[in-house]
Structures are given as structure tokens and as C-alpha cells.
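Based on the hints, put chain B in the right spot on chain A.
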Amino acid sequence: MKITARQFAEGLYGSLEERKQGEVNETIKRFAGIIVASGQAGKAEKIIAEFVKIWNRKKGIAVAEIASARKLDRETVKLLDGHIAKLTGAEKIELTEKIDESLLGGAVIRYGDKVADGSLKAKLKNLKEVLVK
Amino acid sequence: MESLIEVFHLDIKLFLAQVVNFAIVFGVIYFFALKPLTAVMGERTKKIEKSLEDAKAIEEKLAETREKYHAEMVKAKKEASLILERATEAAEEKRKEAIAKAKEEIGEIINKEKAQMQMEKAAVLKEIKKEVADLVAAGLEKVLGEKVDEKKDKEIIKRSIIN
Chain A
1 MKITARQFAE
11 GLYGSLEERK
21 QGEVNETIKR
31 FAGIIVASGQ
41 AGKAEKIIAE
51 FVKIWNRKKG
61 IAVAEIASAR
71 KLDRETVKLL
81 DGHIAKLTGA
91 EKIELTEKID
101 ESLLGGAVIR
111 YGDKVADGSL
121 KAKLKNLKEV
131 LVK
Chain B
1 MESLIEVFHL
11 DIKLFLAQVV
21 NFAIVFGVIY
31 FFALKPLTAV
41 MGERTKKIEK
51 SLEDAKAIEE
61 KLAETREKYH
71 AEMVKAKKEA
81 SLILERATEA
91 AEEKRKEAIA
101 KAKEEIGEII
111 NKEKAQMQME
121 KAAVLKEIKK
131 EVADLVAAGL
141 EKVLGEKVDE
151 KKDKEIIKRS
161 IIN
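Taken in sequence, the protein lines are chains A and B.
Our numbering applies: residue 1 is where the first sequence begins, and numbers increase by one.
Our numbering applies: residue 1 is where the second sequence begins, and numbers increase by one.
Each hint can be trusted.
In silico lysine-lysine, PhoX-like type, Cα no more than 20 Å apart, as pairs:
#1 A/Lys123 / B/Lys129
#2 B/Lys158 / A/Lys121
#3 A/Lys133 / B/Lys129
#4 A/Lys86 / A/Lys59
#5 B/Lys151 / A/Lys78
#6 A/Lys71 / B/Lys147
#7 B/Lys129 / A/Lys125
#8 B/Lys47 / B/Lys35
#9 A/Lys58 / A/Lys86
#10 A/Lys98 / B/Lys151
#11 B/Lys68 / B/Lys78
#12 B/Lys147 / A/Lys125
#13 B/Lys130 / B/Lys142
#14 A/Lys92 / A/Lys53
#15 A/Lys125 / B/Lys126
#16 A/Lys125 / B/Lys142
#17 A/Lys2 / A/Lys43
#18 B/Lys46 / B/Lys35
#19 A/Lys92 / A/Lys114
#20 B/Lys154 / A/Lys71
#21 B/Lys114 / B/Lys103
#22 B/Lys152 / A/Lys78
#23 B/Lys151 / A/Lys71
#24 A/Lys71 / B/Lys152
#25 A/Lys123 / B/Lys151
#26 A/Lys121 / A/Lys133
#27 A/Lys128 / B/Lys142
#28 A/Lys29 / A/Lys46
#29 B/Lys126 / B/Lys114
#30 A/Lys46 / A/Lys2
#31 A/Lys121 / B/Lys130
#32 B/Lys50 / B/Lys61
#33 A/Lys92 / A/Lys59
#34 A/Lys123 / B/Lys158
By construction, these hints were calculated from the structure, which means they are not laboratory data.
One chain only, chain A, in its complex shape:
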């Protein structure tokens, strides 16, 4: 039976969950050896990506990106962080910021496979669509 990247990732998470800090490196090395031995080394990147997803889900971490027209101050970022936490239900948010001047104003929040677009660019686009209808 062929083992998928997700199944490998779940296996890795299961084996790491109960380990102490000192045992983690050894476990990862052994796991890498198993992957190579089973000829699945090509799936390494997918396995890592799936592992990160599982890790974040289990630990209540949400990865999000905020795009805005200009650099946001700490207060706004904190506000957005809280908002994303509400949206995702996560305890901790791993936030990355991105500047996109074409947004004109407002912000676009991307988390998981979802997008919350509160930019002026999106509002203009909606306005155009309403006018054309």
C-alpha cells in the first residue's frame, strides 16, 4: 500500500508528540531514514508542509498574512491579530506583513485557504461591478 505525504506527516507528529526535547533530533533522523529507505525522499517537501499544517492545527496556531497599502503600526497589527484569532479560533497567530500599494487602503487577510479582502481596491472593484450591472 502506498503511504501518502499526509500519512507520513501524521506518523511523524505522533512520534514527536510525546518526545522530550533531546529526543526530537534523533526521532527526526530516524524518520528521514525511513523515508529514504522506502524510496519516498521525493515527497519530503510535501511531508514537511503537511507536518506544519498538522502541528499548527494541534497546537492551535494559525498562519496568516496581512497585505496593506502602507506599513501598519503596532496597534493596527495587534487589532488584526485579534481579529484573525477570532476568525480562525486559533490561540496563536503567526503573522506576516506585506506591502502592496495597489490596494490603496484597508487590508487583505489571508489565512489557510481563505481570504478576507477589506482593501479599497476590492471596494472599488465591487463598485465597478455594481455600476456595470
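Chain B alone, transformed into the frame defined by chain A:
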């Protein structure tokens, strides 16, 4: 008798000879002229009678034929009239059908043209709306680019979170 003979100075022998002569001449004329002539005349009479009968028969036949001809003519006229009537009815029916078909086709053409016009109108209207929307959006984009500063941007973000 003898007095008569004496009065007219008749010679019996001569008289008899003349009677025989006459009989011979009569016989010759009868057999060689009168009898054939009578036969010819009889034949001729029969021919004429036959011709007359034939003529009468022809006349009767002609009259009968004429009657038949008239009867046939009347019948033919009636049939022709009937055929003409039917042809007229069929022509009228076809004319009505052609008119109905033409009306239907015209209606279809008009409907198609109307639909085409509606589509064209809608396309033009859409194009105009798009142009207007592009202009409005371009104008707004320019204004927003100039007017939205950090403070306003922060307000926009806050408002979008609340909403």
C-alpha cells in the same frame, strides 16, 4: 261484224299480219327496252328509297348525336364548373395559407430583429456602463491615492474589522 269489215274495208289477213307485226315489235320493245328500263327504274327507285331511308336514318342519328352532344356539353360544363369551383377554393385556401405563412415569417423576422436590437442595445448599454464605471473607478482611485493617509487607512481597517 262483217258490216264493220266492209265499212272499214278491212283485210283480215292483213290485219292479222299487222297484229302479229305489232306483237313482234311490242315483244321486241318489251323485252329489249321496256323490261330492262323498268328494271333499271325499279332499281333506281329502290336506291333512291334506300338513300332517302339512309338520309332519314342519318338525320335521326344526327339529331340523336346532337342531343347527346348537348347532354355531354351540359355535363362537361357542370364538371368544368365544379372543377373551376374546386380549383378556386383550393387557390383561395393556398392564398390564405401563403398569407398566414408570410405573416408568420414576417412576425419571426420582426421578433428576431427586436431581439437583435435588444441585444445590441443591452451590449451598448453595458459598454457605456463599463466606460462610466471605469471612469468613476479611475477617478476614485486617483482621489483615494491622494487622500487616504495613514490615519484614514487605520480607520478603514478598523471599520472593516467591525463590519
